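Trainee: Letter 55 of the sequence shown, counting from 1, is numbered 55 in my numbering, and no numbers are missing.
Just so you know, the hints here were simulated from the structure itself, not pulled from any lab data.
Where hints are given, some of them may not hold.
For lysine-lysine, the following DSSO-like pairs were computed, each having C-alpha atoms within a straight-line distance of at most 27 Å [stated by the list, open to error]:
#1 Lys203 x Lys348
#2 Lys75 x Lys118
#3 Lys203 x Lys266
#4 Lys171 x Lys297
#5 Lys266 x Lys202
#6 Lys176 x Lys131
#7 Lys203 x Lys118
#8 Lys118 x Lys37
#9 Lys171 x Lys227
#10 Lys291 x Lys306
#11 Lys306 x Lys171
#12 Lys354 x Lys138
#13 Lys289 x Lys227
#14 Lys227 x Lys291
#15 Lys203 x Lys131
#16 Lys291 x Lys131
#17 Lys306 x Lys176
#18 Lys266 x Lys354
#19 Lys227 x Lys138
#20 Lys354 x Lys203
#21 Lys94 x Lys131
#22 Lys131 x Lys289
#23 Lys119 x Lys75
#24 Lys171 x Lys289
#25 Lys354 x Lys202
#26 Lys202 x Lys227
#27 Lys118 x Lys94
#28 Lys291 x Lys171
#29 Lys297 x Lys176
#30 Lys354 x Lys131
#31 Lys202 x Lys118
#32 Lys75 x Lys138
#33 Lys119 x Lys131
#34 Lys119 x Lys94
#35 Lys94 x Lys37
This one's a predicted model, so the numbers in the text were calculated from it and none came from an experiment.
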Amino acid sequence: MQCECVPHGASRMRGYNVFRNHFLKNRQIREVRIMKKTVRYGILSTSSIVPRFVRGLNLTGSGTVIAIASRSSEKAAAMAQLLEIPEYYDDYEKVIQHPGIDAVYIPLINSMHYPYAKKALLAGKHVIVEKPFVLHEKEALELASLAAENHLFITEAVKTPFLPVYARIRKLIEDKTYGNIRFMEFRQSYTDGPYTQGWNRKKEYGGGVLIANEAYFFHMAEFLGGKVLSAQGCASYSDPDEAEDQCAVMATLEGGILATLCVSQKVLFHNGLTIHLDQARIEVPDYWKAKTAYIYKDDQLIETVKAECEYEFQYELAHYNECIRSQFSFSPITPVSNTARYIGWCEKLYQSFKK
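Kindly produce the complete structure, drawing on both the sequences and the hints.
Mentor: Given below as structure tokens:
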């Protein structure tokens, strides 16, 4: 069964609910049909995100890691030992061609996402690509076509829409409890750590704060508010020969909703998401990994939303495993057609940064 549902905004919320209810109501039938098949993964890279991916995958109960590869045999061996992964290789192709692997997770340098995702699809593997999916819209569309033609699943790894706290937030928006949504502010800042160093600073490798953070912004803006109709922005560079280290983006959504993204590696500000409705605002600290949200009316806290969240990665991976086990090519929540549009917006923004 191919998933052709690619909804936006409220319609995407309906798509989410239909998907969720279908699987909840038919869980026993589904488990008999698929014989409780565990999705077997191979990982390309020993990057810092890998332990988090493996922890989340193990918590799903529906996936396991069979093998990991790095260009360094020592790094691959060390990560395999740390995470109790049975096999390790110093050649990515060994994982891609591995007959015992169903799906490949790709958290490589950004510029390597497209070629290795394509290799994995051509080898008959399902693919989960870390953010950003690719660097060019045409690459995303090509990968989507290749996956559909070969009855394989592919997605960008985006955890935020699946976090439990957003179930309550979506319900408030759908029900118009506090009126219509009008404005959203997305804020991310970090002045140290791996995302401020090495290849993340290099344009040629797909570095820069926009491409590093666009997925959360565009996916969540549309998930909560509706389709993005236009986007414009600006960026600043500490070194003109390197990637941007600050950016600001303003997007116009259907229904006249506005959304902004502000990212900085130079200064720290209050990270999070603020959702402004007619009669209230919702504050979501560290929105990309949130467990709690705060609802204010007339600047008075009226509700604290706390959602049980065992580990942030497990919810998206449980969903993606369900998609693979049910023979979907695309997620109805993070479809590649949407991801491709977002990358297209980024390409236009980068062109405007040069002017």
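Trainee: Does each hint fit the structure? Answer for all of them.
Mentor: Results for each hint:
1. Lys203 x Lys348: holds, 16 Å
2. Lys75 x Lys118: holds, 24 Å
3. Lys203 x Lys266: holds, 18 Å
4. Lys171 x Lys297: holds, 17 Å
5. Lys266 x Lys202: Holds. Lys266 to Lys202 sits at ~16 Å (cutoff 27 Å).
6. Lys176 x Lys131: violated, 32 Å
7. Lys203 x Lys118: Judged against 27 Å, a Cα distance of about 22 Å means the pair holds.
8. Lys118 x Lys37: Holds, because 25 Å separates the two Cα atoms, which is no more than 27 Å.
9. Lys171 x Lys227: Given pair Lys171, Lys227 holds - Cα atoms ~18 Å apart, limit 27 Å.
10. Lys291 x Lys306: holds, 6 Å
11. Lys306 x Lys171: Distance ~14 Å between Lys306 and Lys171 Cα, so the pair holds.
12. Lys354 x Lys138: holds, 21 Å
13. Lys289 x Lys227: holds, 23 Å
14. Lys227 x Lys291: Holds, because 25 Å separates the two Cα atoms, which is no more than 27 Å.
15. Lys203 x Lys131: Given pair Lys203, Lys131 holds - Cα atoms ~16 Å apart, limit 27 Å.
16. Lys291 x Lys131: holds, 21 Å
17. Lys306 x Lys176: holds, 20 Å
18. Lys266 x Lys354: holds, 20 Å
19. Lys227 x Lys138: Holds, at roughly 20 Å.
20. Lys354 x Lys203: holds, 13 Å
21. Lys94 x Lys131: holds, 23 Å
22. Lys131 x Lys289: Distance of about 15 Å is within 27 Å: holds.
23. Lys119 x Lys75: holds, 23 Å
24. Lys171 x Lys289: Given pair Lys171, Lys289 holds - Cα atoms ~19 Å apart, limit 27 Å.
25. Lys354 x Lys202: holds, 16 Å
26. Lys202 x Lys227: The hint is violated at about 31 Å.
27. Lys118 x Lys94: holds, 15 Å
28. Lys291 x Lys171: With Cα atoms ~16 Å apart, Lys291 and Lys171 stay inside 27 Å; holds.
29. Lys297 x Lys176: Satisfied, since the Cα-Cα distance of roughly 14 Å is no more than 27 Å.
30. Lys354 x Lys131: holds, 23 Å
31. Lys202 x Lys118: holds, 23 Å
32. Lys75 x Lys138: violated, 33 Å
33. Lys119 x Lys131: The given pair, whose Cα atoms are some 18 Å apart, holds under the 27 Å limit.
34. Lys119 x Lys94: holds, 12 Å
35. Lys94 x Lys37: holds, 23 Å
In the structure shown, a violation is registered for the earlier hints numbered 6, 26 and 32, in ascending order.
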